[in-house]
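Trainee: With the hints as your guide, set chain B onto chain A.
For the protein sequence lines, the chains are A and B, in the order given.
If you read the first sequence in the working numbering, its first letter stands for residue 1129, the second for the next number, and so on.
If you read the second sequence in the working numbering, its first letter stands for residue 1129, the second for the next number, and so on.
Some hints could be false.
It does not matter which identical chain is used: a pair holds within one copy or between any two.
[To be verified] Derived DSBU-like pairs (lysine-lysine); straight-line CA-CA distance at most 35 Å:
no. : residue 1 : residue 2
1   : Lys1305   : Lys1161
2   : Lys1217   : Lys1169
3   : Lys1281   : Lys1172
4   : Lys1161   : Lys1281
5   : Lys1244   : Lys1181
6   : Lys1169   : Lys1305
7   : Lys1217   : Lys1172
8   : Lys1204   : Lys1217
9   : Lys1278   : Lys1305
10  : Lys1169   : Lys1273
11  : Lys1169   : Lys1278
12  : Lys1305   : Lys1172
13  : Lys1273   : Lys1161
14  : Lys1217   : Lys1244
15  : Lys1181   : Lys1278
16  : Lys1181   : Lys1305
17  : Lys1278   : Lys1161
18  : Lys1217   : Lys1278
19  : Lys1161   : Lys1244
20  : Lys1305   : Lys1204
21  : Lys1244   : Lys1169
22  : Lys1169   : Lys1281
23  : Lys1273   : Lys1217
Bear in mind the hints are in silico, worked out from the structure with no lab data behind them.
2 protein chains.
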Amino acid sequence: MNIILLDDANFITDRMAVIEDQAVIRHLQSVLKAQTGDVLKLGKLGDRIGQGKVIELSHRHAILSDITLTASPPNKLNLTVILALPRPKVLRRLIMDMTAMGVDHIVLINSYRTDKSYWSSPLLSRLDEFMLEGLQQGVDTMPPKITLAKRFKPFVQDDLPSLIGDGSAIVAHPYAKDRFGQLIQQRLPQVLVVGAEGGFIPYEIELLSSVGVQAASLGDRILRTEAAVNALLGRWLP
Amino acid sequence: MNIILLDDANFITDRMAVIEDQAVIRHLQSVLKAQTGDVLKLGKLGDRIGQGKVIELSHRHAILSDITLTASPPNKLNLTVILALPRPKVLRRLIMDMTAMGVDHIVLINSYRTDKSYWSSPLLSRLDEFMLEGLQQGVDTMPPKITLAKRFKPFVQDDLPSLIGDGSAIVAHPYAKDRFGQLIQQRLPQVLVVGAEGGFIPYEIELLSSVGVQAASLGDRILRTEAAVNALLGRWLP
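This is chain A alone, in the form it adopts within the complex:
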């Protein structure tokens, strides 16, 4: 946690807040080793970033006073990432990292090589929690939009074109002839599509192509989905 995130429910006045979340309390005590009088970096969800002073801290709650929220959160990237639903094990880290890096809209989509069982993983009901971890990691207060699209074809044909708009779109595909680094030299795409382990099948690549999504690879090396997403997103960072 590089910032403590509060929401409306935490505030008892404009300048005073109470934290009862045990994970946050433990972080204050064990990692930050906060003491009464310490000033902490904090933000209000959907609002601004600032600071507040610890006036009480026990294993049950923390009370913060003199809260000021003055700074704007960092800009979001002008980017939608459409990701074939990954293995539950890597889903948490991927949501965290995409959020921390400032992706504006995350779409989890079905694909031929997505294991059907992933859609019934209990982790899918915890996306908000992973997204909050990402905001706390990336020092941000603005949640990205997260969309679930369980049907590939209707999503690509009906929803994707408006997400692309005037921008461009690239699908990362290990077997594509074009290279990602080359394609983005003109401009960064507004939509990035990434497959599951094993990538998309030719039918899916063709359907994406029919709405203007260009396929590009990162070279001859094949990367884990998680590594590939972060390597791709690195191109958006300053």
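Mentor: Then chain B, alone, in the frame of chain A:
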């Protein structure tokens, strides 16, 4: 595993090999669902990439024949990554990903914020195993060099200058004024230094600077070490 890696011990003739490694056997049976007669992509460690035919497959061993090794492994990046020893939990994935992306030389270094206990983690004796997983992921046969540097100052002063040579070096530092994306527009550095969670302390940044290592950040957002390394390495990919 996007390639089956064999070494000298597997070969019984130039064109025939036996696999007894249980993890590989399980992969052949459960993931690839290999059958007698199937032709598999394989490589010889430190040598070339090619294929071979399955002529016998049981739960105890696999026998491959008609092995030909004709293709060169992908080029390594002209890059040394010097990484403050991370938490054991992320060490495996970081070694895998850096290997899969083709980093030529990996140095694990001590730093002020590296927890001392990390140096006695049993995972440190399994680096070769993680590196092999990375080669199998990245479709490569050439192991990167891996160096452990338990003393920060002597390494930086005595060993780092010759690793930089005629190239340049950048340390990723969340609080640096310069931006990584800007600094690399002229040329990619030959050496990349990445800190532990919490980054390097000012003394370490100064010592690195004294041998010519420039500090640069990826913007105002703070990333997990693992995400940061992959986001940085993305700049080297085509």
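Trainee: Each hint should be assessed against the structure and marked as holding or not.
Mentor: Against the structure, the hints:
In this assembly of identical chains, the alpha carbons of Lys1305 and Lys1161 lie at most 35 Å apart only when taken from different copies (28 Å versus 52 Å within one copy). In this homomeric assembly, Lys1217 and Lys1169 come within 35 Å of each other (Cα to Cα) both inside a single copy, at 30 Å, and across copies, at 27 Å. For the identical chains of this complex, Lys1281 and Lys1172 are neighbours neither inside a copy (38 Å) nor across copies (41 Å), given an alpha-carbon limit of 35 Å. Taking identical chains as interchangeable, the C-alpha atoms of Lys1161 and Lys1281 lie at most 35 Å apart only when they sit on different chains, with a minimum of 29 Å there against 51 Å within one chain.
In the homo-oligomer, the alpha carbons of Lys1244 and Lys1181 lie at most 35 Å apart only across protomers (32 Å), although the nearest pairing inside one protomer, at 48 Å, exceeds that limit. Within a single copy, Lys1169 and Lys1305 get their C-alpha atoms only as close as 47 Å, which misses the 35 Å cut-off; across copies the closest is 20 Å, which meets it. Taking the closest pair of Cα atoms, Lys1217 and Lys1172 come within 35 Å of each other both inside a single copy (29 Å) and across two copies (31 Å). For the homomeric pair Lys1204 and Lys1217, the shortest alpha-carbon distances inside one copy (26 Å) and between copies (29 Å) are both at most 35 Å.
Only within a single protomer do Lys1278 and Lys1305 lie at most 35 Å apart by alpha-carbon distance; the minimum there is 29 Å, versus 43 Å between protomers. Taking the shortest alpha-carbon separations for Lys1169 and Lys1273, only the intra-copy value of 24 Å comes in at or below 35 Å, while the best inter-copy value is 41 Å. In the homo-oligomer, the alpha carbons of Lys1169 and Lys1278 lie at most 35 Å apart only across protomers (33 Å), although the nearest pairing inside one protomer, at 39 Å, exceeds that limit. For the homomeric pair Lys1305 and Lys1172, the shortest alpha-carbon distance between copies (26 Å) is at most 35 Å, but the shortest distance inside one copy (45 Å) is not.
In this homomeric assembly, Lys1273 and Lys1161 come within 35 Å of each other (Cα to Cα) only inside a single copy, at 33 Å, whereas the closest approach across copies is 39 Å. Proximity of Lys1217 to Lys1244 under the C-alpha cut-off of 35 Å is found in both arrangements, the shortest distances being 15 Å within a copy and 28 Å between copies. In this homomeric assembly, Lys1181 and Lys1278 never come within 35 Å of each other (Cα to Cα): the closest approach is 45 Å inside a single copy and 39 Å across copies. Taking identical chains as interchangeable, the C-alpha atoms of Lys1181 and Lys1305 lie at most 35 Å apart only when they sit on different chains, with a minimum of 28 Å there against 56 Å within one chain.
For a Cα distance limit of 35 Å, the shortest separation of Lys1278 from Lys1161 across copies, 27 Å, qualifies, whereas the shortest one inside one copy, 44 Å, does not. Taking the closest pair of Cα atoms, Lys1217 and Lys1278 come within 35 Å of each other both inside a single copy (19 Å) and across two copies (32 Å). Only between protomers do Lys1161 and Lys1244 lie at most 35 Å apart by alpha-carbon distance; the minimum there is 19 Å, versus 44 Å within a single protomer. Proximity of Lys1305 to Lys1204 under the C-alpha cut-off of 35 Å is found in both arrangements, the shortest distances being 31 Å within a copy and 20 Å between copies.
Only between protomers do Lys1244 and Lys1169 lie at most 35 Å apart by alpha-carbon distance; the minimum there is 28 Å, versus 42 Å within a single protomer. For the identical chains of this complex, Lys1169 and Lys1281 are inter-copy neighbours only, at 32 Å across copies versus 44 Å inside a copy, given an alpha-carbon limit of 35 Å. Proximity of Lys1273 to Lys1217 under the C-alpha cut-off of 35 Å is found in both arrangements, the shortest distances being 21 Å within a copy and 29 Å between copies.
The structure fails hints 3 and 15 (numbered hints given earlier, in ascending order).
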